[in-house]
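Peer 1: My request is simple: use the sequences and hints to build the entire structure.
What follows is each chain in one-letter form.
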Amino acid sequence: MPEPTPAPAPAPERAPALERVPAPATAHATALEGVETAVVAELLRLERVGATGVLRVGDAGAFHLEGGAVVHAAARGVTGLDRLVVAAGPGAARDWGRVLLAAARPDGDPVAEADRAPGLGRARLELFALFAALDAADALLDSTAVPDFAAGPAHWLAPVCRITPAMLLRERARRRARLDAAWPDARVDTAPLVPARRVHRQRVILTGLQTELLLNADDHSTPADLALTLGRSTFACRLAARFLAATALIQTPPLNDPHPTPPTARGVAPTASCPQAVVPTAVAPAVVPAAVAGAVLAGVPGGAQVAAGGGTVAGRGGVRDAARVPVRAAARSAALATGRVAARRSVAADDAERSWTPPDPDVLLRLRAALEELA
Amino acid sequence: MLGIDGCLETVMEIPGARRATLVDGASGLAVAAAGQDGPVDEHEDAARTTDVVRAVLATPALATAPRGDDIDEIIVCGARGYHLLALVPDAFEGRLFLHLLIDRAEGNLALARLNVRRAIGALAGRDGA
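First to last, the protein sequences are chains A and B. Residue numbers for the first sequence follow the numbering used here, so the first one is 4 and each next one is one higher. Residue numbers for the second sequence follow the numbering used here, so the first one is 13 and each next one is one higher.
Each hint should be verified, as a subset may be incorrect.
Label-pair ranges, simulated between beta-carbon atoms [to be verified]:
| # | chain 1 | residue 1 | chain 2 | residue 2 | range |
| --- | --- | --- | --- | --- | --- |
| 1 | B | Arg92 | A | Arg79 | 46 to 52 Å |
| 2 | A | Gln205 | B | Cys89 | 32 to 38 Å |
| 3 | B | Arg129 | A | Pro121 | 15 to 21 Å |
| 4 | B | Arg60 | A | Thr193 | 29 to 35 Å |
| 5 | A | Pro156 | B | Arg116 | 49 to 55 Å |
| 6 | A | Val89 | B | Arg79 | 29 to 35 Å |
| 7 | A | Val207 | B | Arg60 | 22 to 28 Å |
| 8 | A | Pro156 | B | Ala77 | 50 to 56 Å |
| 9 | B | Ala77 | A | Asp151 | 52 to 58 Å |
| 10 | A | Asp145 | B | Arg60 | 26 to 32 Å |
The hints are simulated quantities; they were obtained by calculation from the structure and are not laboratory data. Predicted model, so just to flag it, every value in this text is computed and none were measured. Built from N, CA and C at the ideal position, the CB exists for glycine as well.
Peer 2: Pasting the structure below:
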């Protein structure tokens with residue numbers, strides 16, 4: 004039912020504590036965010052009419068609806084249900100194949116299949132489906148694309164996962180708050196994750212996921228890219244990256260840098276973002292996030308790192324440190340560190356040579372492989 | 013096998029169980045809850061207990077082996093009851109845990125711990141991976 008009637012203003016209402024159960028068909032909306040995208044308005048409208056089908060959001064992804072509730076969501080660049088399940092272990096991966104086969108057959112019962120599977124189980128499927136849908140919804144709800152609804156049969160996950168749009172909105176607000184509490188600079192989410200060269204503390208305690216991010220960082224993957232590679236939840240990786248930024252274990256653009264690093268500079272200019280993050284930019288502090296404005300040290304060489312949570316200020320002498328000993332972070336394997344760190348250090352050491360970017364070892368390797376193939 | 017709600021129901025059958033909440037520690041989301049309501053919003057509870065879990069995990073002094081180890085459960089004892097924070101292992105990035113409140117007079121902590129482990133086994137799966 005694609006009638007494009009504009010949705011009336013959402014009526015504020017106290018949201019029930021938990022809405023995994025089928026919600027009553029009453030008008031049901033929470034005005035949590037001041038600015039709502041067309042996607043949000045359309046979701047709330049579809050909930051009111053109890054629509055079943057697929058809501059496509061441009062080319063970013065889609066919500067699958069059943070009776071107005073979101074039963075599945077997938078978004079480009081966000082770790083999806085398949086990836087989460089397969090990454091959970093060999094048993095889960097094996098059983099997942101059978102579940103998908105059952106979903107493809109007209110007479111198949113994928114949910115019962117998952118229920119029987121020893122490596123998967125219904126509870127795990129429910130959890131994976133919930134986390135995957137919430138992760139995807141984060142990306143889709145913020146999309147400015149025009150949503151396009153097409154009625155159709157319900158997704159097979161309908162009996163497993165049911166999320167009302169109101170819960171999606173509340174969850175998005177909570178997630179944002181949590182990210183910002185960890186580290187208020189959202190650029191960390193979209194910038195390539197580059198481990199710091201120097202750690203200014205005696206010891207560091209990392210969670211498993213934070214360690215994985217550091218070990219697998221390749222200078223041009225963003226936290227979301229790494230989440231896809233590792234088969235981890237996108238939100239969890241973003242949060243881990245923010246924590247890493249707060250503890251100054253990854254390089255962050257200076258807080259007063261008016262030119263944020265372009266998002267996902269993958270493969271094109273892999274190291275171009277490093278000098279920007281390390282070498283002090285001689286610019287006036289034009290854009291300063293309000294939350295940390297009071298604490299910013301604009302003139303410190305290397306850019307000031309302000310950890311909002313503990314109120315600690317750790318100035319990193321980027322240029323001076325560059326000539327000294329290599330990184331000693333416990334979590335960094337030596338093999339990973341040496342080549343790249345050396346290359347980066349040479350960039351930071353000489354401000355005049357900032358226009359020259361050292362060749363990326365990955366690119367060189369691929370070039371050699373290609374040439375050898377030709378020969 | 014049981015779904016999430018089924019798991020929580022079995023947990024609530026533990027003698028003395030008052031409230032059970034399955035919490036996603038990454039976002040502070042109370043994924044599912046059963047039993048009587050707490051004094052504050054369960055999502056607020058979830059966010060606070062998440063901080064507790066994270067603090068314990070980040071404290072080397074609370075490790076039981078010299079090289080550090082994985083923490084299974086955190087138990088908080090009050091005069092009237094016990095809080096059991098049982099971490100669901102690996103598959104969920106170590107971010108999922110079950111928060112169970114047990115009445116001190118009616119419940120038995122040792123029994124509850126055994127039963128909670130069993131219920132969590134269904135959530136974590138037995139992949140061996």
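Peer 1: Decide, hint by hint, whether the structure agrees.
Peer 2: Structure-based check of each hint:
1. B:Arg92 with A:Arg79: 46 to 52 Å: Holds: the Cβ-Cβ distance is about 51 Å, inside 46 to 52 Å.
2. A:Gln205 with B:Cys89: 32 to 38 Å: holds, 34 Å
3. B:Arg129 with A:Pro121: 15 to 21 Å: holds, 18 Å
4. B:Arg60 with A:Thr193: 29 to 35 Å: Since Arg60 of chain B and Thr193 of chain A have Cβ atoms about 30 Å apart, the given range 29 to 35 Å holds.
5. A:Pro156 with B:Arg116: 49 to 55 Å: holds, 51 Å
6. A:Val89 with B:Arg79: 29 to 35 Å: holds, 31 Å
7. A:Val207 with B:Arg60: 22 to 28 Å: About 25 Å separates the Cβ atoms of Val207 of chain A and Arg60 of chain B, which means 22 to 28 Å holds.
8. A:Pro156 with B:Ala77: 50 to 56 Å: holds, 53 Å
9. B:Ala77 with A:Asp151: 52 to 58 Å: holds, 56 Å
10. A:Asp145 with B:Arg60: 26 to 32 Å: holds, 28 Å
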